[in-house]
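J.: Take these sequences, add in the hints, and give me the full structure.
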Amino acid sequence: MAAIFNLNQPAHYVHWHFIDVSLPNIIVIVVMLVVFAAAILLPFPKPRESGIES
Amino acid sequence: MSVSGPPAPSKSWTLRLRERAVQALPPEKLLPEGQPTYVASWIYVFGVLSLSSLAVIILSGCVLALKGPDWWHFTGVGHFFNSVHLWSVELFFFVMVIHLWGKYWMAAWRGGRARVWITGAITFLVAIPCALTGYVSQQNFDSQWISTQAKDAMNAVGIGAFFNLLNFGQMYSYHILLLPTAIVLLVVAHVLLVRKHGVVPPFELTGRLAAADGSASGTAALSAPPTASDVPAPSGAEGGVAAEPVEPSS
Amino acid sequence: MSSREQRRAENERYRTWKGGYRSYDLVKEASIAFGVVLALAVVLTILFSSPDEKPSTVKSWARADPVDFVTTATTQLDGSSGTGSYGPPYNHASDGQHILFIRPQKWMGVKIPIDTAQDFVLAPLRAIPSQPSLQQAVSTYESAPAKTQTDWTSAYEQGLGKAKASSGGSISMPAGNYGPLTTMMPALLSFAQSGGLDGALLTSKQFYQTDYTKPLLFMADGSMLSDRAEAEHLLGEQWGMMNETGSYPGQVWLWLYTFWYQIKPFSTSANADILVMAVMGALSLAFILIPFIPVINRVPRWIPIYKLIWREHYRSLAR
Chain F
1 MAAIFNLNQP AHYVHWHFID VSLPNIIVIV VMLVVFAAAI LLPFPKPRES GIES
Chain U
1 MSVSGPPAPS KSWTLRLRER AVQALPPEKL LPEGQPTYVA SWIYVFGVLS LSSLAVIILS
61 GCVLALKGPD WWHFTGVGHF FNSVHLWSVE LFFFVMVIHL WGKYWMAAWR GGRARVWITG
121 AITFLVAIPC ALTGYVSQQN FDSQWISTQA KDAMNAVGIG AFFNLLNFGQ MYSYHILLLP
181 TAIVLLVVAH VLLVRKHGVV PPFELTGRLA AADGSASGTA ALSAPPTASD VPAPSGAEGG
241 VAAEPVEPSS
Chain G
1 MSSREQRRAE NERYRTWKGG YRSYDLVKEA SIAFGVVLAL AVVLTILFSS PDEKPSTVKS
61 WARADPVDFV TTATTQLDGS SGTGSYGPPY NHASDGQHIL FIRPQKWMGV KIPIDTAQDF
121 VLAPLRAIPS QPSLQQAVST YESAPAKTQT DWTSAYEQGL GKAKASSGGS ISMPAGNYGP
181 LTTMMPALLS FAQSGGLDGA LLTSKQFYQT DYTKPLLFMA DGSMLSDRAE AEHLLGEQWG
241 MMNETGSYPG QVWLWLYTFW YQIKPFSTSA NADILVMAVM GALSLAFILI PFIPVINRVP
301 RWIPIYKLIW REHYRSLAR
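For the record, the sequence lines run as chains F, U and G.
Using my numbering, you'd call the opening residue of the first sequence number 1 and step up by one each time.
Using my numbering, you'd call the opening residue of the second sequence number 1 and step up by one each time.
Using my numbering, you'd call the opening residue of the third sequence number 1 and step up by one each time.
Since no wrong hints were added, every one of them can be taken at face value.
Pairwise CB distance ranges (calculated):
#, chain 1, residue 1, chain 2, residue 2, range
1, G, LYS111, U, ALA24, 42 to 50 Å
2, F, VAL35, G, GLU29, 14 to 22 Å
3, U, ALA24, G, GLU12, 16 to 24 Å
4, U, THR75, G, GLU29, 30 to 38 Å
5, F, ASN8, G, ASP227, 16 to 24 Å
6, G, ILE99, F, LYS46, 54 to 62 Å
Reference listing, derived: stretches of chain U covered by chain F, where coverage requires no fewer than 3 residues with Cβ under 8 Å from a Cβ of chain F:
#, segment
7, 37-45
8, 96-107
Simulated from the structure, these hints should not be mistaken for laboratory data.
For each residue, glycine too, the CB sits at the ideal point set by N, CA and C.
T.: See the structure below:
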């Protein structure tokens with residue numbers, strides 16, 4: 001079963017001083033931070049005010 | 001009296017265990033129909049997402065175990081389940097770490113909940129060698145490299161002879177039985193402790209905001225905690241308060 | 001009340017929520033979460049699949065780089081290979097790593113005994129049938145004094161520095177005083193290239209095998225695995241612990257573990273592994289005990305991210 005995107009090729013790497021991180025890993029880290037911020041900042045649906053809740 | 005049949009002559013172990021369990025976790029606490037009103041943020045879903053990821057890991061792992069460790073190399077279906085297993089592991093660590101961040105910033109160990117934090121932290125730390133034993137059980141180049149490298153750390157701390165990363169049989173046993181069992185036991189303890197102690201209440205506010213609401217403690221009750229036998233009363237105009245009785249007063 | 005007593009009283013109030021509840025379906029939420037995660041895992045699978053790079057074998061190694069194979073095999077013979085000089089749990093050649101007087105590697109003892117000369121070279125050669133001149137060469141080697149054996153292996157290793165792989169899989173060596181190695185090492189090479197050495201290393205204890213210690217150690221002593229690893233950015237100094245083959249995300253959660261190996265004193269220490277494990281062990285213990293660690297357990301109060309998380313609750317109090 002072939003994947004839609006073939007990731008079986010060398011990754012890009014980001015170098016900064018002694019730090020050397022792959023682009024896929026950076027994407028994971030950035031997405032984690034974004035999701036964490038979103039989880040805290042996005043409004044949570046309020047329950048209905050009408051009394052008996054479903 | 002909760003005993004059926006003739007009474008036990010002295011307190012039986014069974015009776016003691018049952019009474020302790022029911023006292024710590026009565027059914028309404030184990031599976032409550034409500035939650036405190038302050039549980040109103042998306043950060044709260046990351047615990048259940050972690051549990052769900054673990055479930056998908058175990059289910060996909062069971063499929064892989066059904067067919068044996070080399071199946072996935074030679075069939076498309078096998079490779080599919082291997083992929084689901086790998087991605088659910090990535091998702092597991094992703095959501096578990098966000099759950100951890102949330103719980104740290106909420107100082108969720110407050111109010112006698114240190115064991116909740118401790119079981120959660122240990123779960124994370126045990127998940128790491130569980131993943132390691134998985135990586136070295138893949139039976140491909142990745143396994144060869146990871147095992148021959150990581151063995152140096154195991155040997156350096158004196159456990160390499162008893163936990164031999166190069167021994168596929170041993171690593172596979174740890175990966176599909178011993179470590180998942182440890183993780184499940186830890187997670188069960190963690191979740192039961194959350195059910196027992198409840199989700200940690202918010203920090204009390206100090207200063208201006210506290211003065212504005214007229215109480216120094218931020219836990220001013222909006223309604224008294226109803227008991228299981230309460231008849232639900234209409235909640236009127238107060239915002240967001242459930243009419244259903246949920247938590248028995250502890 | 002002292003501030004400590006105030007804090008303790010406050011903490012007691014956190015034990016039980018005496019405020020309002022709202023209706024909520026725990027089982028429904030868990031079911032939805034399970035469905036979401038399952039769907040995500042399946043979508044990621046369809047999009048990206050998973051990596052599966054074929055393993056190296058002693059056979060593929062001996063064919064692809066016969067000079068490296070024979071060089072490694074010769075160092076196995078004289079015990080100067082990585083495994084030969086490792087120490088516990090494989091042999092007594094060194095005491096292994098330590099921090100001050102703490103020597104867990106030495107205390108572990110030799111529990112997986114490996115004699116690299118016997119297990120990787122001499123015993124496999126002895127298993128090759130119908131070659132009396134080869135068996136004679138092995139006997140000559142085994143019965144020679146240690147100094148003579150070392151003279152032969154050192155000369156051979158020097159010669160290998162100038163050896164070339166020839167078509168057909170063999171290697172051509174410059175002339176030298178190699179003694180019986182002239183017969184032994186080419187025989188081991190062709191045995192390896194036929195796949196026989198993979199099997200011989202594996203089934204040495206019993207028919208059914210699940211323990212790949214010997215072939216893996218043998219291969220790891222050469223450059224085949226590390227050359228492949230370097231190309232995939234998996235070496236220790238490339239933060240390899242965090243990486244996966246290809247362009248797949250790897251083990252991001254190992255970032256702090258691999259971080260220490262990149263900086264001094266760990267990066268230049270012969271005891272890097274035990275030092276890093278000690279640091280990570282201490283940090284892991286601290287992580288478990290955060291509720292009890294002063295300052296660390298107060299930071300969430302001082303940096304009030306909680307005000308964002310519970311903003312609705314605080315607003316409802318102010319109403």
